[in-house]
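One-letter residues, chain by chain:
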Amino acid sequence: MRGVKPTEQEELMYRAIQTFLVALCLLVSCLATGLRAQEDIRPLVDALGATSFPQKIEAVKALAASGNPKVADILQNLTDGKLYAPKTGGAVYLEGAADGAYLDALTGAPANEVPGNLAKIRLNNGLRGAIGAALSQLTLLSPDRAARLTASQDLLKDANPDNLALLNSALAQEKDAEVKATMEAARAVILLKTDASAEDKKAAIDMIAARGNRDALTILTAAMDNAPDDLKPAIEKNIASIKTSLAAWDVAQNIWYGLSLGSVLLLAAIGLAITFGVMGIINMAHGEMVMLGAYTTYVVQQTVASVAPGMTDYSLAFAVPAAFLFTGLVGVGIERSVIRWLYGRPLETLLATWGISLILQQAIRTIFGPTNRQVDNPSWMSGAFEVGGLAITYNRMWIIVFSLGVFVALLLLLKRSKFGLQMRAVTQNRRMASSMGIRTPWVDALTFGLGSGIAGMAGVALSQIDNVSPNLGQNYIIDSFMVVVFGGVGNLWGTLVGALTLGIANKFLEPYAGAVLGKILILIFIILFIQRRPRGLFALKGRAVEQ
Amino acid sequence: MITQMLFSRHEKKTVWAVFLILLAAALVPLANLLIPEGSAFHVPGYLVPLLGKYLCYALLALALDLVWGYCGILSLGHGAFFALGGYAMGMYLMRQIGDRGVYANPLLPDFMVFLNWQELPWYWYGFNHFAFAALMVVLVPGLLAFVFGWFAFRSRVTGVYLSIITQAMTYALLLAFFRNEMGFGGNNGLTDFKEILGFNVQAGGTRAALFAATAIALALALVLSSAIVRSKYGKVLVGVRDAESRTRFLGYRVENMKLFIFTVSAMMAGVAGALYVPQVGIINPGEFAPANSIEVVIWTAVGGRGTLIGPIIGAILVNFGKSIFTAAFPEFWLFALGALFVATTLFLPKGVVGTVQQFIARRKEQKKADAVEQAYQDKAAAKAESQLATLEPQAAE
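Just so you know, the sequences run in chain order A and B. Sequential numbering of the first sequence, starting at 1, is according to my numbering. Sequential numbering of the second sequence, starting at 548, is according to my numbering.
Source of the hints: derived by calculation from the structure; they are not laboratory data. Please note: incorrect hints may appear among the correct ones.
List time: in silico SDA-like cross-link candidates among lysine to any residue, alpha-carbon distance up to 25 Å [claimed, not checked]:
1) B:Lys-869 x A:Thr-366
2) B:Lys-869 x A:Arg-365
3) A:Lys-519 x B:Met-729
Let's have the full structure, built from the sequences with the hints guiding it.
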């Protein structure tokens, strides 16, 4: 090994030197091209100092068309009134930092010999307009991708045929797919306005139609007016197809919003489905359990922020179990102290739990104050992404995932665990279950605690999309009851179907009837539905029903 | 026959209650208007509409008691009937403002001018006549209750399901009345009333008269309820409450009986709302809030459901407590109300009146039992004495 080493080192060194030399050559040639490019436009820059406005406008246009990166700065300086030229016309200088100091307008280096009769280059409205147009075109060539994207989108909106040449040159250089697509669309729109050949126009129409969004629709509708007759059928066909696809995306978007609302309803109602559906208890304090869960999230977030500020993004991971345990314990407490005396008297339970809900609300108001509390979204829950024509926000998506997760977990708990078995046994025949050795009072307490705990978890989710205030629960209690009653009591699947149906129906009614009227229609629908099927969508059958 | 029904068979308690209410109807206005200020018996002006408000609530609670206490229908939507009656009266009062509103439009109420409406909506026609408005006060809630009840009772929606859909009903109305497009003043409701039947709403005399009218209405409602409850129909109604299926199997049309009492009760609630509005001076969609309707339930429960004077006492007691509490410790009113809900259901299921009645009944029974015991003991003692007396001569012998 030792014997080989020197040669290796030599080789490495040689390579390094080679690379350095190549880099040096590249740098020099780059600088040279840069300088050359700068010098190319010097006559144009100096033309800005011309005495007549039309000449100046010509110079601005020529500068813009040159595609030189320095042009934007120069034009900006011109609008800011920082450029000076001799009154008789001639070389242009940039105002320096100190009084009477001038810089070279092109390079920004201190100018050596300055003529004595320098004056600010004057602007008029025509010139200002030309500068504005030139600047917006120039950003098409900007090295910043975002700037190019906005510039091309602007161009797409007011397609000015004057920009065609520039657009063509920008297109030739463009590498980024999205910017390029926008530019091509803009080019197509411009082509439609010019008297390009019918073939080009047809290609342009197809190009625009392929974008298939609302903008394309407006462009094509506008193009209809001054299109030649032989192109009109093609445009009409494309307009029709865009309309169909837009309608389809609208439906998809409504379904998505509906699923999102439905998942929130599901979360709020599923705990109620346990207490009301399984135990037959009307828990009017259910909404307050949701509210307690949301406040637990707030407290956990504050604690995490003060103890481990680096972990704030994961505070929800602590908040979910904390909210479940806390509200679950409160639920067990309520069951043991109040509800157990009221079994078999559902209307009295309703009143007592309503009283509890008032007490809880006021307690939270006394502790945390009546105003909203700020619960922040973690970074992985903010923002959105697009799928086709659908805009999907992360927080809504995670809430759908979360609510389905809770649903599945609950279903497994009820069907597969020993506790679930005992719970179902007590529901079906309390005395028999008791004779088989099941401690029914404990099952009651735990079931109620489970329902409350799930409400608390719902509160964690709702804290991400709703205001955390003492009234949070009130907004959901009636909706939750509607879901449970509509879906059918004593059946979790009914709650799932009920929540999603109501959510989607609500969102489909909203565009036609407005949010409030839509909700009223849903309520009326449920009231009528209960008349037809008093036991809900998925009614229990058999002897247990009449109890 | 109807008069006979109205005036013959009432419990002694009810007669006393009617008498007391009518006495209040006479005395409170007199004490307010005639007795000079500074006297210990003077009723200050602010108190008159407050007391009137309590009596409106009492009437509402009585209406709820008819369906809940006597028929077992726990309506969580009686506030809706109350508010509808109130809106009918409010519309009349709005039309009475005439061109004295802020915009001085002779035809349109202020909020319609504000919303740029050009003409009066058709459902506002007729409300410038008091008689029409008064008719609507009972008809609108009655019709709603009839339609709602017809659907609900026919398909045998009972128990908590019925409670929940009545709550949904009042919630839907709450949302609807919040909309400006409904033409009922939206968020702000109807207010700024000037005159009722040509009298200034703010004037002391009008307020005293309104109080008297409320008290008389309550007394009449009490007599009517007592007549209903003590009739044969009323007895069957209690049967429906306690064993609905059994009553149905006996051949009664349970749904019709429920529908009748539900509609009557809604009309009474409407009257309560109509009397409430001119005394309070405003009606807004907040009256439809489900929480309000549940509060009515607790007044009835505290006083004692299934008794006629219970809800009246309950409504006055709870609202008096609310006035005191919200003035002294506003923070704690909800704690107190919540605790009241829990305590009443746990410890006073029969309410104040029911518990007192039970206590009295038990004492009576105890007395009777004591008397029987006493008589037995006396008898035994007498017997023993006589035995002793018969024995004594023997012993002496």
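Now for the hints, and whether the structure bears them out:
1. B:Lys-869 x A:Thr-366: holds (19 Å)
2. B:Lys-869 x A:Arg-365: holds (19 Å)
3. A:Lys-519 x B:Met-729: Satisfied, since the Cα-Cα distance of roughly 15 Å is no more than 25 Å.
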